[in-house]
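*Asks:* Sequence:
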Amino acid sequence: MSDEARRNDVLILGGGVIGLACALYLLRAGRGVTVLEQGRAGGATSHGNCGTITPSHAVPLAMPGMIAQGLRWLLKPDAPFRIAPRLDFALFEWLLQFAHRCNWSDFKRITAHKAPLLRLSRAALEELIRDERLDCEFEPVGTLNVYRDARAFEASRWLPEALRACDLPIEVLDGAQCRAREPALNDSIVGGYFNPFDAHLRPDRYAAELARAVRARGGRIEESTRIEGFRLDGARIGAVRTERGEFAGGEVLLALGSWSPLLARQLDLRLPIQPGKGYSITYTRPQRCPRIPLALKERAVCVTGWQSGYRLGSTMEFAGYDASLNRTRLDALRRGAAEYLHEPEGGEIVEEWYGWRPMTYDDLPILGRAARVQNLTLATGHGMLGVTMSAATGLLLGELLCGRPPPLDLAPFSPARFDC
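With the working numbering as the guide, the letters of the sequence shown map in order to residues 1450 to 1869.
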């Protein structure tokens, strides 16, 4: 295969952790890859999340009781969940589809699909980090979900059974055991769950290291390259039009995260993805920095510490592609952390950040070939688990594009479920 043919073999749209992981697995399989990224590789949603690797999040967001909880939260401006007031018919349809799945039958079905993907990705990620020597502060120390409200903790007693049913380990702890496991927690903690199969890493370092490994294996990453549209050749994508000219590829892989539905619409594909806006605050490390990543359950705040820093994050805001920092959302992270931790903030704020997560209403990613565009493969809709699912996505789609059977059935994640 000539150098020119190899470079134009697979064209990947999107240079976040999903696109970069797909690129790396394809390069390892001997394919040629070019990645198009509108900004800096790994500089969007891959940059500022909390970096937790969480097979324990196999259970879907849509579950019984979620609608009532969401309605209560809508009355509080600093609640973990917010919908910005505006007329948005696509969001309304998305919310109706989400509500339709808030039942135990769909809960069990979706969990049964997510869990094997998450187990595969957790193992593949650790292997990828080791084999490619990715310097990203990876630590397989688990995660700890903690509660201050005894009634809320009691109401969550369904969780251990749900996770154990899909071969995910979990330990039930009382308040004293939580504080013994993580001394950064204060005396208000009444109980929690330890997830030993979880892990964490520094997501911006992970993305940067993926980009380094892609380039080291001969892949091209074209940064500052905004995609404008497509040139079709019958039922195939002949070229991708950008502000820097056209790029062609025998195969095109769309991994644009929350921007995916905007570009896919030009191909007459209607992807039901909503941008779910999350926030984070990054600090220098506090003196009493948690060793284990924490989920502060009543406030829905995630806390992660690394040797290089400390981050509070999470919340979910449906506000379209609003590009502003909502001070109320950021302050809620700080107040929430203060209720659970001896030392909730670091000495110095390094960065305040937001990013859009690509949320599907069934809480499953969209992985596989598009039915109506012959050379298009989709890798999007990973919701809040893009980093967690990145290695499995790269592994599975790498095998698919190389004509080999993937190690996991892709049917539950197929674009065909959305007629795409």
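Hints were generated in silico from the structure; no laboratory data involved.
Fair warning: there could be bad hints in the mix.
Claimed, not checked - Straight-line distance between alpha carbons at most 20 Å, and here's what the computed EDC-like set of lysine to aspartate or glutamate pairs gives:
#1 1525 x 1672
#2 1525 x 1610
#3 1525 x 1780
#4 1746 x 1794
#5 1746 x 1603
#6 1746 x 1580
#7 1746 x 1797
#8 1557 x 1858
#9 1746 x 1620
#10 1746 x 1682
#11 1746 x 1537
#12 1525 x 1788
#13 1557 x 1610
#14 1525 x 1620
#15 1746 x 1858
#16 1557 x 1636
#17 1746 x 1792
#18 1525 x 1598
Predicted model only: the values in this text are computed from it and were never measured.
*Asks:* Could you run down the list of hints and mark each one as holding or not?
*Replies:* Right, here's what the structure says about each hint:
Straight-line distance between C-alpha atoms of residue 1525 and residue 1672 comes to about 40 Å, which puts the hinted pair past the 20 Å bound. Proximity of residue 1525 to residue 1610 is assessed by CA-CA distance (about 32 Å); at most 20 Å being required, the pair is judged violated. For the suggested pair residue 1525 and residue 1780, the alpha carbons sit about 13 Å apart, so the restraint of at most 20 Å is met. Using a Cα cut-off of 20 Å, the hinted pair residue 1746 and residue 1794 holds, with the two alpha carbons roughly 18 Å apart.
The straight-line distance between the Cα atoms of residue 1746 and residue 1603 is roughly 12 Å, inside the 20 Å bound, and the hint therefore holds. For the hint pairing residue 1746 with residue 1580, the CA-to-CA distance comes to about 35 Å; that exceeds 20 Å, so the pair is violated. Proposed proximity of residue 1746 and residue 1797 is contradicted: the alpha carbons are some 25 Å apart, above 20 Å. Of the supplied pair hints, the one linking residue 1557 and residue 1858 holds, its CA atoms being roughly 18 Å apart against a limit of 20 Å.
With a C-alpha separation of about 16 Å, the suggested pairing of residue 1746 with residue 1620 holds against the 20 Å cut-off. Our distance criterion of 20 Å between C-alpha atoms is broken by residue 1746 and residue 1682, whose separation comes to about 51 Å. Between residue 1746 and residue 1537 the alpha-carbon distance is near 30 Å, which puts this suggested pair outside the 20 Å criterion. The hinted pair formed by residue 1525 and residue 1788 meets the criterion: a straight-line CA distance of about 18 Å does not exceed 20 Å.
Restraint check for residue 1557 and residue 1610: the C-alpha separation of about 11 Å stays at or below 20 Å, so the hint holds. For the hint pairing residue 1525 with residue 1620, the CA-to-CA distance comes to about 32 Å; that exceeds 20 Å, so the pair is violated. Taking the CA atoms of residue 1746 and residue 1858, the gap is near 33 Å; set against the 20 Å cutoff, the hint is violated. At roughly 35 Å between alpha-carbon atoms, residue 1557 and residue 1636 are farther apart than 20 Å, so this suggested pair is violated.
At roughly 18 Å between alpha-carbon atoms, residue 1746 and residue 1792 fall within 20 Å of each other, so this suggested pair holds. For a cut-off of 20 Å, the pair hint linking residue 1525 to residue 1598 stands: about 19 Å separates their Cα positions.
Violation of the numbered hints given earlier is confined to hints 1, 2, 6, 7, 10, 11, 14, 15, 16; the remaining hints are satisfied by the structure.
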